[in-house]
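**Q** Sequence:
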Amino acid sequence: MTTSSTRNGSVASHSHYSQGTEHRGLDAAQKKGEKNVCISRSVFILGLLVLGAGISVAAYFILRQAEQSQAQVRLEAISDRALTTSREIVQRKRLGAISMADTVAWIQSNATDWPFVTVDGYEPMANNIIATSKARTLGLCPFVYPKQKLIFEDFAYDFLHVNRKPHPWDNTTAVSSFGKGIWKKTKKSPDVPDGRLPVPSDANNTWGSPNRVFAPILQHSTGDKAPVLLLNVNFEPTRGVMVDDLIQCSRERALMPDPSQVRCGVLTDMLNLASQQEGSGPDAIMMEPIYPAQDPRTLVGFIVSSIVWREALENVFSDDVSGIDCVLRTPKEVFTFGVQEGEAFVKGQGDLHDPLYNNYMADIEIVTQGDFSNTSAVYTFEIYPTSDFFDSHYTNNAIIGLVGALAIILVISGLFYMYDCFVRQEFDHNKELLEAKRRFVRFVSHEVRTPLNTVCMGLTLLQEDIRGHSGRTLLSPHLTETQRLIAKQQEEANLPKSIEVKQEDATEWINLSEEVLGNTQAAVNVLNDLLNYDKIQRGKLSLEFTVIPIWVLVEKTVKEFKLMAAEKEITLKLLFANALVGAPPEKEEAPTTASCLRKDILSQVVVGDVGRISMLLRNLISNALKFTPQKGNLTVQVDATDKLDIHQPRSTSMSFGRGQSRSGSMNNRKQSNADSLKHFDLADGDQIALPPRGYIDIRVIDTGVGMTEAQLKTVFHDGVQFGANKLQGGGGSGLGMFIAKSIVEQHEGALDVTSEGLGHGTTFIAKLPLFYDPPSQQPQADNSEDSIPPPIYVGAQQPAPQEFFPQRILVVDDAAPNRKLLVRLLQKRGHTCDDAEDGQQAVKLVRNARNCPYDTVLLDHEMPVMSGPSACRAMREMGCSSFVAGVTGNLLPEDVQHFKHCGANAVLPKPFKMSSLEQLWIEYGVNGRDPDCNEDDKSAQLGNDSEAQVAVSFNMEHMEA
Numbered sequence: 001m002t003t004s005s006t007r008n009g010s011v012a013s014h015s016h017y018s019q020g021t022e023h024r025g026l027d028a029a030q031k032k033g034e035k036n037v038c039i040s041r042s043v044f045i046l047g048l049l050v051l052g053a054g055i056s057v058a059a060y061f062i063l064r065q066a067e068q069s070q071a072q073v074r075l076e077a078i079s080d081r082a083l084t085t086s087r088e089i090v091q092r093k094r095l096g097a098i099s100m101a102d103t104v105a106w107i108q109s110n111a112t113d114w115p116f117v118t119v120d121g122y123e124p125m126a127n128n129i130i131a132t133s134k135a136r137t138l139g140l141c142p143f144v145y146p147k148q149k150l151i152f153e154d155f156a157y158d159f160l161h162v163n164r165k166p167h168p169w170d171n172t173t174a175v176s177s178f179g180k181g182i183w184k185k186t187k188k189s190p191d192v193p194d195g196r197l198p199v200p201s202d203a204n205n206t207w208g209s210p211n212r213v214f215a216p217i218l219q220h221s222t223g224d225k226a227p228v229l230l231l232n233v234n235f236e237p238t239r240g241v242m243v244d245d246l247i248q249c250s251r252e253r254a255l256m257p258d259p260s261q262v263r264c265g266v267l268t269d270m271l272n273l274a275s276q277q278e279g280s281g282p283d284a285i286m287m288e289p290i291y292p293a294q295d296p297r298t299l300v301g302f303i304v305s306s307i308v309w310r311e312a313l314e315n316v317f318s319d320d321v322s323g324i325d326c327v328l329r330t331p332k333e334v335f336t337f338g339v340q341e342g343e344a345f346v347k348g349q350g351d352l353h354d355p356l357y358n359n360y361m362a363d364i365e366i367v368t369q370g371d372f373s374n375t376s377a378v379y380t381f382e383i384y385p386t387s388d389f390f391d392s393h394y395t396n397n398a399i400i401g402l403v404g405a406l407a408i409i410l411v412i413s414g415l416f417y418m419y420d421c422f423v424r425q426e427f428d429h430n431k432e433l434l435e436a437k438r439r440f441v442r443f444v445s446h447e448v449r450t451p452l453n454t455v456c457m458g459l460t461l462l463q464e465d466i467r468g469h470s471g472r473t474l475l476s477p478h479l480t481e482t483q484r485l486i487a488k489q490q491e492e493a494n495l496p497k498s499i500e501v502k503q504e505d506a507t508e509w510i511n512l513s514e515e516v517l518g519n520t521q522a523a524v525n526v527l528n529d530l531l532n533y534d535k536i537q538r539g540k541l542s543l544e545f546t547v548i549p550i551w552v553l554v555e556k557t558v559k560e561f562k563l564m565a566a567e568k569e570i571t572l573k574l575l576f577a578n579a580l581v582g583a584p585p586e587k588e589e590a591p592t593t594a595s596c597l598r599k600d601i602l603s604q605v606v607v608g609d610v611g612r613i614s615m616l617l618r619n620l621i622s623n624a625l626k627f628t629p630q631k632g633n634l635t636v637q638v639d640a641t642d643k644l645d646i647h648q649p650r651s652t653s654m655s656f657g658r659g660q661s662r663s664g665s666m667n668n669r670k671q672s673n674a675d676s677l678k679h680f681d682l683a684d685g686d687q688i689a690l691p692p693r694g695y696i697d698i699r700v701i702d703t704g705v706g707m708t709e710a711q712l713k714t715v716f717h718d719g720v721q722f723g724a725n726k727l728q729g730g731g732g733s734g735l736g737m738f739i740a741k742s743i744v745e746q747h748e749g750a751l752d753v754t755s756e757g758l759g760h761g762t763t764f765i766a767k768l769p770l771f772y773d774p775p776s777q778q779p780q781a782d783n784s785e786d787s788i789p790p791p792i793y794v795g796a797q798q799p800a801p802q803e804f805f806p807q808r809i810l811v812v813d814d815a816a817p818n819r820k821l822l823v824r825l826l827q828k829r830g831h832t833c834d835d836a837e838d839g840q841q842a843v844k845l846v847r848n849a850r851n852c853p854y855d856t857v858l859l860d861h862e863m864p865v866m867s868g869p870s871a872c873r874a875m876r877e878m879g880c881s882s883f884v885a886g887v888t889g890n891l892l893p894e895d896v897q898h899f900k901h902c903g904a905n906a907v908l909p910k911p912f913k914m915s916s917l918e919q920l921w922i923e924y925g926v927n928g929r930d931p932d933c934n935e936d937d938k939s940a941q942l943g944n945d946s947e948a949q950v951a952v953s954f955n956m957e958h959m960e961a
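Going by the UniProt record's numbering, the sequence shown opens with residue 1, and the numbers climb by one from there.
These aren't lab readings, by the way, just hints derived from the structure by calculation. If you're wondering where the values come from, they're calculated on a predicted model, not measured in any experiment. Fair warning: there could be bad hints in the mix.
Below, a list of computed lysine-lysine pairs in the BS3-like style, where the Cα atoms sit at most 25 Å apart [what the hints assert, rightly or not]:
# : residue 1 : residue 2
1 : 573       : 556
2 : 713       : 820
3 : 332       : 347
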């Protein structure tokens, strides 16, 4: 015997109770989700803006880098051209001096005539060479030794003043303030107004030169206007050292086998010549030796020429070039020029370029070591850009690109925001429509199920009373002998002795009530379709997997429709393929019961939701019955196949009678699919792995109205009905086939329909995957007292029910008819019942019944004062461990889940079915109350002091608020 405490512990172990969760929890979760969406949207837009800013900055730097690269390429081209041109200019100047020296050497070719020589037409000759060589000036300087000085001075003045051709110059030419003679420079003073001093006759010098020689300028390219005529070039250290180098190089040259291969020209370091304009920059003096043609080893003089280094930069840059620094460098001196609009200008002494641009330097030696003697200065030009150069190449494109990219991103962000606003409005509108629809479904479900519940329970009681009057008492098969005796006594006590009902009248009344119940069930089916459609739309049509003996389930489901088919005079047949029972294909009649199938076939099962698959089969069969006229035929054919293809030829998969053949065998299918296992999590928490065995092929074939091609394409759409008023009598929701296809696809199967046209009937084909479940793996019932009942295999024989005691049940419903009818149904089965019209009264009753608690509490959902879920939560908080089941018309998923979260063990739909409650009792192991719980304990609990009741009332009202 199971005690009350054991039973209560069993029920509590199955409870899904969790505290503090109500609709406001769902609202809080919804608000949190909306907040997260808002945050995500803001983060996305912010990220888009940051990305736009990043792209804009990147575009700016890319365009700026492109412009800088373009400027760098142009700088390289400018530098190469400028440096090459500058070297060419210097080389032309040098070649001009060499040409003049060679010309003089050929004209005055006898070394013994020197230094008393002149060149007629020297000035025009020199100017022609200057024009072609870009030379500045050209002067003829013969070497005069001290002993020749006086004679040479007389010779020079006679030439200048008397003998010069084509005409002599005036007597003041080359005459200094001290008189006639070779002179040197000095500072101007009152005593030396022209800054000229006579050179010493012994050619003494201050730099320690061993060479005692004068080098006066006898003829000059500028003629008598030249201020340097008879100037001793060898008068100061810078020039004197270079003259000494020229003489030493010539001496070494004279020793060479081929002296013509050696050039002994010299070039001074940077100088500031007084003859040049101020601000023209540094100068240099170039000296090219003269070797008479008849004595090429003898040095007799040289051609002197000045170089203004700024001239080396003339016409080397185009007019659009600015922002260039040119640094002229020798080992001892540095000078910097700038370039603006193609013109070079003096910047100053030293290296004045911007060191930030050192990496852009381009240089060339415009005077190399081999151009002059080894002691001559080596000149290098270095070119650097300035910020102005790059600024001149920078455009507004980078800024435009930055602003444009940012503007595009902003526009896109704005468009996205506008689009998001419109979508949000549409989403909110659709959400409101969906919520309104769901509120409507909830309202309709509740308002329709509640009166239907009264009708169904009333008809059930009427049937039982009629059977009682007619001697056909129908009691639950799960009642114990004690319960049966109590129920029989109550029934006899309630029946008037004078009423006698004829058998034929009782049968007619029962059939009439069955028809009414059938119509109420049709209305309930429409409501169920609406609920399932809502679940499919929201993607919450979940499956509770169990192992289903599908062959038995098909047979059981077909039998349920036998009576309905008989009423319409429709022949309903169930045919199993001959191959499933091992019969030869030519057998005339196919088997019609699952018990005839081979054992290996019966071991092939479907793993899925038994409720959903039962709904699928019922939808297909009931739909076929609707569209099949009276005296029509409806056949359910069942076979197994390897392929999921709906339209495969029937000859390859079915054999139902003579003349049909079957290729292959089930053993072959078993072998081909035995290589893999599929894992499932069952509803009871177990995990199984079964090998696949192809598919079960279920074909529902009717001889009804058939379908057109257009109807075949839309038959599985939601809300589709064909001839609802004419063919269905206005019944149905138009959702059955849509739900059926969703169920099949969730089970990884296929559902399709074929028809040869109107008037030729319709065939619905459903295929579900099969798995091999050996009998040794199927769970066995454990009859131990503490074990949890094993999963129920649908269609299999149930184990014998355990002995029940009469239960003490609390019925809570605000509708008095529902309450009374449900109490009477339970009392007719031997149970003791109390009732309450709202949740607050129910909580009081449960509180007062602590010593003898209720075995079962049946709660409605929507009630005044306190709702069913709130009452259930309050009961659980008080420690109540009774089995609590909701009996409600609110069957939306969130309503059911909310009820369970508040502590309910299960939720039953209205209209109430006694068989559903008894099945839950078996599943949860709920047994009757121990008879030892006497009535005195019950009375004591009902008579608790009023203060406790007031406290409970106050707490419940506070909780409800």
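**Q** Of the numbered hints stated previously, which ones are contradicted by the structure, given in increasing order?
**A** 2
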